[in-house]
Amino acid sequence: MSKDETLGEALRRQGVTRRGFLKFCAATASMMALPPSMVPVIAAALESARRPSVIWLSFQECTGCTESLTRSHSPTVEGLIFDSISLDYHHTLQAASGSAAEAARETAMEENHGKYILVVDGSIPTDNPGYSTIAGISNRDMLEEAAKGAAAIVSVGTCAAFGGIPAAKPNPTGAVSVSDLVHDKPIINVPGCPPIPVVITGVLAHYLTFGTIPELDDLKRPKAYYGKSIHDRCYRRPFYDKGLFAETFDDEGARKGWCLYKLGCKGPTTYNACATVKWNEGTSFPIESGHPCLGCSEPGFWDGGSFYSAISTPTEDIPKAAVYAVGAGAAAGVALGAMNRAKKQKSVDAHEKVTIDDLDKEK
Amino acid sequence: MQTELETAMLNVELGDELTYNVKPLLHEIRHALAKLLNDEGPTVIDLRSLPLAPGEEEKLLNTLGHGEVHASLNALGPTEVVETGYPGVWVVLHYNTDREVIGKFIEVCDIPDLLRSQQDDIREGLEQLQSGLA
Chain A
5 MSKDETLGEA LRRQGVTRRG FLKFCAATAS MMALPPSMVP VIAAALESAR
55 RPSVIWLSFQ ECTGCTESLT RSHSPTVEGL IFDSISLDYH HTLQAASGSA
105 AEAARETAME ENHGKYILVV DGSIPTDNPG YSTIAGISNR DMLEEAAKGA
155 AAIVSVGTCA AFGGIPAAKP NPTGAVSVSD LVHDKPIINV PGCPPIPVVI
205 TGVLAHYLTF GTIPELDDLK RPKAYYGKSI HDRCYRRPFY DKGLFAETFD
255 DEGARKGWCL YKLGCKGPTT YNACATVKWN EGTSFPIESG HPCLGCSEPG
305 FWDGGSFYSA ISTPTEDIPK AAVYAVGAGA AAGVALGAMN RAKKQKSVDA
355 HEKVTIDDLD KEK
Chain B
131 MQTELETAML NVELGDELTY NVKPLLHEIR HALAKLLNDE GPTVIDLRSL
181 PLAPGEEEKL LNTLGHGEVH ASLNALGPTE VVETGYPGVW VVLHYNTDRE
231 VIGKFIEVCD IPDLLRSQQD DIREGLEQLQ SGLA
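Each protein sequence line maps, in turn, to chains A and B.
Here our numbering is used: position 107 in the first sequence is 111, and no number is missing along the way.
Here our numbering is used: position 107 in the second sequence is 237, and no number is missing along the way.
None of these hints come from the bench; they were simulated from the model.
No residue lacks a Cβ here, since even glycine has one placed at the ideal position from N, Cα and C.
Hints are supplied without guarantee of correctness; some may be wrong.
Once the Cα atoms are required to be at most 25 Å apart in a straight line, the calculated DMTMM-like pairs of lysine to aspartate or glutamate come out as [said to hold, decoys possible]:
#  : chain 1 : residue 1 : chain 2 : residue 2
1  : A       : Lys232    : B       : Glu158
2  : A       : Lys282    : B       : Glu186
3  : B       : Lys153    : A       : Asp236
4  : B       : Lys234    : A       : Asp236
5  : A       : Lys266    : A       : Asp254
6  : A       : Lys282    : B       : Asp176
7  : A       : Lys232    : A       : Glu285
8  : A       : Lys246    : B       : Glu187
9  : A       : Lys260    : B       : Glu187
10 : B       : Lys189    : A       : Glu285
11 : B       : Lys234    : A       : Glu51
12 : A       : Lys266    : A       : Glu292
13 : A       : Lys260    : B       : Glu188
14 : B       : Lys189    : A       : Asp245
15 : A       : Lys282    : B       : Glu158
16 : A       : Lys232    : B       : Glu186
17 : B       : Lys234    : A       : Glu292
18 : B       : Lys189    : A       : Glu292
19 : A       : Lys232    : B       : Glu187
20 : A       : Lys282    : B       : Glu210
21 : A       : Lys282    : B       : Glu187
22 : A       : Lys282    : B       : Glu188
23 : A       : Lys119    : A       : Asp184
24 : A       : Lys260    : B       : Glu186
25 : A       : Lys246    : B       : Glu186
26 : B       : Lys234    : A       : Glu285
27 : A       : Lys282    : B       : Glu230
28 : A       : Lys227    : B       : Asp176
Quick list of simulated restraints, FRET-style, between CB atoms [as the list claims (entries may be wrong)]:
#  : chain 1 : residue 1 : chain 2 : residue 2 : range
29 : A       : Ala48     : B       : Leu245    : 17 to 25 Å
30 : A       : Glu51     : B       : Ser247    : 14 to 22 Å
31 : A       : Asp222    : B       : Ala164    : 38 to 46 Å
32 : A       : Pro44     : B       : Pro217    : 18 to 26 Å
33 : A       : Gly134    : B       : Gly185    : 51 to 59 Å
34 : B       : Lys165    : A       : Lys260    : 34 to 42 Å
35 : B       : Ala201    : A       : Gly19     : 16 to 24 Å
36 : A       : Lys152    : B       : Ala201    : 49 to 57 Å
37 : B       : Arg229    : A       : Gly19     : 18 to 26 Å
38 : B       : Glu198    : A       : Glu256    : 44 to 52 Å
39 : B       : Tyr150    : A       : Gly102    : 55 to 63 Å
40 : B       : Asp250    : A       : Phe253    : 53 to 61 Å
This is chain B alone, in the form it adopts within the complex (with noise of 0.2 Å):
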């Protein structure tokens, strides 16, 4: 049975593409995804080391799609991080301060690391929260 990625990548109008990529990108998600299902681990793609035309990072993020996180955190500057339409596919978007991408990855995950509470801040919060109650 086709799964509902598949039956998008059909949809995907391949005519106008320049560099062929966001077909192969997609299956390299699909990939990843199963990879995931099947606990072998998380992958993340950059989308910075490929060569893709004007207006098929677009093509790509239009296919994926929009779910129901959109995370923004501020840390060296935004970060907005996005549960696509495929759950488990998340887009990371790093900015500097002046609003300028520093870093697109696609984190195919149960959630991406940067969201979780790191192990150094928590241990410190419970230190000050312990001492604030002393």
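Okay, chain A solo, but in the shape it has when bound (with noise of 0.2 Å):
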């Protein structure tokens, strides 16, 4: 596929038909989470679009959001848009190896400069160099490097957006996330373990269609998918209003579907796209299947305590406090939230250093 062919061009060679190209702007749309109204906007726009260049780089992370995004059922809008961008260095797919790899990343950056995307997955350790390392450069001077010329860096996973799991207690490696050490290039925080596939490639549309970055929150996440919460969206969200609560994971509030905040659930703290867009196809997502939310689109999610841990105890009886939420709707919900936040931190800062000492103990 030629650079300077647009995006229209290289749909119609793989031919997809004008009604197929429609049919893309629709799915494309709905994954942008822009109202269906947009299409014709997005289908001019896509005509005409460039292929950007796309550099991805992988730190310490675990493949997963790779996997989430190429084991999203092929072929789909996700797969077209994916294959509409050039992808020329991601050292998990690409072809290349050793030198010939780093000599493709190279390439790609002088040819590209200032223009192309830099996708990184992975946290970046801060303290020994050693402890992460790719053809002997060390992350963070591959970040860095790679950051100059980027035109804007998209931070694919909760490692690469908050430090995620790496950067969890006691972050033996110091691990940092790409917003701590890159403070001149616009960024894009895709956070999630792993992040919704089509977050991932909405982004991507998103920089297509319009050449711009998509409008962001306080912690640098699209608001499109980002901006309210899973508890807002949940659809278990009126049993929570009716202070009807799973106790354990086999009662009858459990059989009946009943809200699962007692159980852990991280929901009410958490932004992510889950409850809409869904996992699997649109199957279901993890309330739907029965289990709290982890609450992984969010800093610190693994050293908030337990996962099955409530997040906060309301100082009113639960139905009590929630016959004031249904009488007082949203704005009940956004002082519970607010109070859940203030406990999450609360069980963050109080949350003590796991020691081997400790593990061992535990044999």
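Got two chains here, each in a separate frame; can you build the complex from them with the hints?
In structure tokens form, the structure reads like this:
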């Protein structure tokens, strides 16, 4: 595929008809969480969009983010978007290895200086650089060099966005996020462990369509996907409002699909699109499968205490508090959410460092 | 006088609903139909952008029912376009080539755009026919 080819030309060359293109644009709008009335605008923009060069760097990560994207059922719109970019470096996916792979990265960086999109998954160790190197180059050096010529950086996954599991206490490698090291480039955080695949491609599609980065929240996350809490969009929310909770995983409440708040659900303090976009081609999401949300798209989710401890105990008895919640609607939910955030911070602060001795005691 | 859609909405059992989004959606469709009749343009609702509990989408689609038209087309995988029991209310389901759903929309319009022959295709077809006859 030529680099000068537009996306419309590339799709037609792949045998995509104009009806197919319209369908592609409708699905892309849905993927970008844009209203369907935007479809003609998207069609016009995508028709003439040039394929951007993408350099994907993987640092301290488990490859789950790449798996999330590449295992999304192909061929899909995500697949087509992914095929429409020029992925010039991704050491898990590319055929080249060793010095040839690094040469491809350097060539792409040089040819597309100032224009390429840098995608990063994994956190960066700042302690001993030897904890994670690629071709003898420390992660930090590689990031800083690649960031210089990038138009924008997409931090995919909670590790790249917030440090994630490598940065969890006691953070043996001194792991930090991309935004801890790079301060002079637009950064889009796409957290999640892993992120929802359409959210990854949705951000790329937005860049392809509009040539700009999407609107972000205070944690640099695209508002289209991370603008509402899991709790606010959860179909079990009415049970919370009525004070109906599952107390254990096998009680009557669990069988009836009541709210999982008391079982440790982090939905009220977690901002992500799982409740509407869902997983596995829209099949379900954790809460729909009867498991509390772990809060994986939030900073420090691994250090927030047990996944199965409720994030807060309201000062009022829950059914009573819920009566107020029903009466006052969203405002009460916001107040409880603020309470929950404070409690979460408290539990993070109180969390003690696990030592080797502690682990030995558990044996 | 009650319209047929309003009567149907009264018959929607709300007792076992979770998100209560079915009835508001039906009202949105009712408003969209009124707009369409007043020449105020079509409306498209993306069903995947709304929190719906298991079973609620089926309830919504069952309430809308089936009308006279059921078209299927093959472009980037199959797409089914079904006119519901309420003329002007269409359900458009996009699938990929593995028959997995990639888009679900309710379109309130005379005919969904996807069913129309596209201008560029018509032009190309005409050129082909002309050169074939030359």
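- Can you name, in rising order, the numbers of the hints this structure does not satisfy? Violated: none.
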